[in-house]
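Fit chain B to the given chain A structure using the hints.
Below are the chains, spelled out letter by letter.
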Amino acid sequence: MALDLWQLRRQKRMTIDELARTAGVHPALIKAYELGERSIPERDLERLAGALEIDVEEIKVLSDPPPRGPSRPAAPSPLEGDAPRPRYDSGSRYDSGSRYDSGSRYDSGSGSRYDSGAGSRYDSGRPSYGRSDSGRSGYGSSEGRSSYGGGEAGRSGYGGGEAGRSGYGGGEAGRSGYGSSNYGRGYGDRPAPRYDSERPAPRYDSERGPSRPPRSDYRSDRPDQPDRMERRPERPPRKPGGLKRRPQVAPARPSQLEHLKILLQQLDMSGDDLLRLAGKPLSMLNRREASHLLTTCQEMLTERKPERPKGKRQRPYLPESVDEHELVYLTQVQLDESPMHLTLFNGTTLEGTLRGFSPYALTLAANGGDEITVQKLAIAFYQVKPNPSQETADQDGES
Amino acid sequence: MSANDYLRYLRAVKGGPTPQDIEAATGVGAGAYRQIEQRYRAQGTEEELASLAAYFEAPIEELTSRVEWTRKALSAALVEAVEQDAPIQLALRSGQTITGKVQWSDLGAALLQLEDGQEVVVQRHMVDRWQIGAA
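Sequence order for the protein chains is A and B. Every position in the first sequence, counted from 1, becomes a number in the working numbering once 310 is added. Every position in the second sequence, counted from 1, becomes a number in the working numbering once 1458 is added.
Bound conformation, chain A alone (with noise of 0.2 Å):
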């Protein structure tokens, strides 16, 4: 029977880009034919098919759209109304009078972004960080009603003194006890953590960091001043889209394909042994697929490779990079003490025995005894004749 297109892609776990690489075909053309926009030529599908390996039959010449767009399913939006919001515990600040709830100010606007209950200074201009109107202190007060996500129905306060209604996951179904006295029995037989009216509790608040002391005081002590936080301009709505999505992994580069394909013919590898490597075929990999195939390549490779001698310099021979072939033929002629005859670049002729030289310079023993030394740029070439002595010796020992 004919499937989508979309859904025999999915099927094989490849992208719309994947799926158009493979075959060849446009990937807004696909992407045409995934919605139904347009019928699939008999080309294409023969394109199609052979990367989807299947046959031209099971796909479906005009597609109808798949149900949620022609790729991944969207992400569902915490803001949208009928969607599913996010349900960390039945009793904590997200559930009852939070921001994602009835009481934001995204929804309604009857109440805080930080609290939906009647104690929140954005909600009604009242003394804020806890403090609400009956004097209810998010900050370990000893009402414990957290203005901090809690609400009436809420009654968190990380620590709240009086009922131990605790801020995380507090509300009147989570009065856990965790900082809460819950009239100090804390767990098991140790003491409970004394998050309570005595010290402020730390705020772990979703959109600021860690706590501060309680800004009641702060503004008790300098009435004059405005208060920054009614200052602040009010932040604009999160644009409804939900949550990001991770970018794609471009494919390959073409370099990374070349550099891969001359390691592989180096390491006399199939395509066989590529798909076992790799787990599928060059023109499918992802950048850093390939990144992560060209270093494996590379340590195999080098594995194969005979260790290099250590200790001497690896030149390659050429003569612009070797200069010891001169070096060598001088040592011998120095141990000889072969007769030398060098003509200068102007001419000039000099003879005598070879007493030391240097990259740049010969220094000669004339026949006088005296010596002297000749640059290498004045001299046009030079000649070395047997050692007289020498030859005697060889003649006598071959005799």
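A hint or two may mislead.
[What the hints assert, rightly or not] Facing chain B, from chain A, some residues (calculated, C-beta under 8 Å):
hint : residue
1    : Gly657
2    : Gln685
3    : Ala688
[As the list claims (entries may be wrong)] Distance condition first, Cα-Cα at most 30 Å in a straight line; then the derived DSS-like pairs of lysine-lysine:
hint : chain 1 : residue 1 : chain 2 : residue 2
4    : A       : Lys686    : B       : Lys1472
5    : A       : Lys571    : A       : Lys322
6    : A       : Lys695    : B       : Lys1559
Hint data in this document are derived by calculation from the structure and do not stem from the laboratory. If you're wondering where the values come from, they're calculated on a predicted model, not measured in any experiment. For each residue, glycine too, the CB sits at the ideal point set by N, CA and C.
The following block gives chain B in isolation, referenced to the frame of chain A:
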């Protein structure tokens, strides 16, 4: 002889001024003379070569005509002669011509075996022109 070897030769004839002295005297950019003299490929602009020729009191044609006869080209010819096992004829700056088979060649010199079996070490900077296969 390549232009860079020819410059080295001219420098020796002039008494061995340093490359820095020459650059200061000719106005050639810092390091440019050293590059021209030491690099194996064709180096130097026409203006630079002209000012150097004037400094060494040498005809400009002597320099420009040698630009293409580089050390690199001589290296290639020596290697080719070895590969072909053919004699190479080297025409020297001093006017002599030496023909023989290359035994080895390196950065500074080449050993030729002459037809009579004698060996001659030719300094590369003295080679003006060359020809492979010439008897």
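Hint-by-hint comparison with the structure:
no. : hint                    : verdict
1   : Gly657                  : holds, 6 Å
2   : Gln685                  : holds, 7 Å
3   : Ala688                  : holds, 6 Å
4   : A/Lys686 with B/Lys1472 : holds, 15 Å
5   : A/Lys571 with A/Lys322  : holds, 25 Å
6   : A/Lys695 with B/Lys1559 : holds, 18 Å
Every hint from the earlier list agrees with this structure, and none is contradicted.
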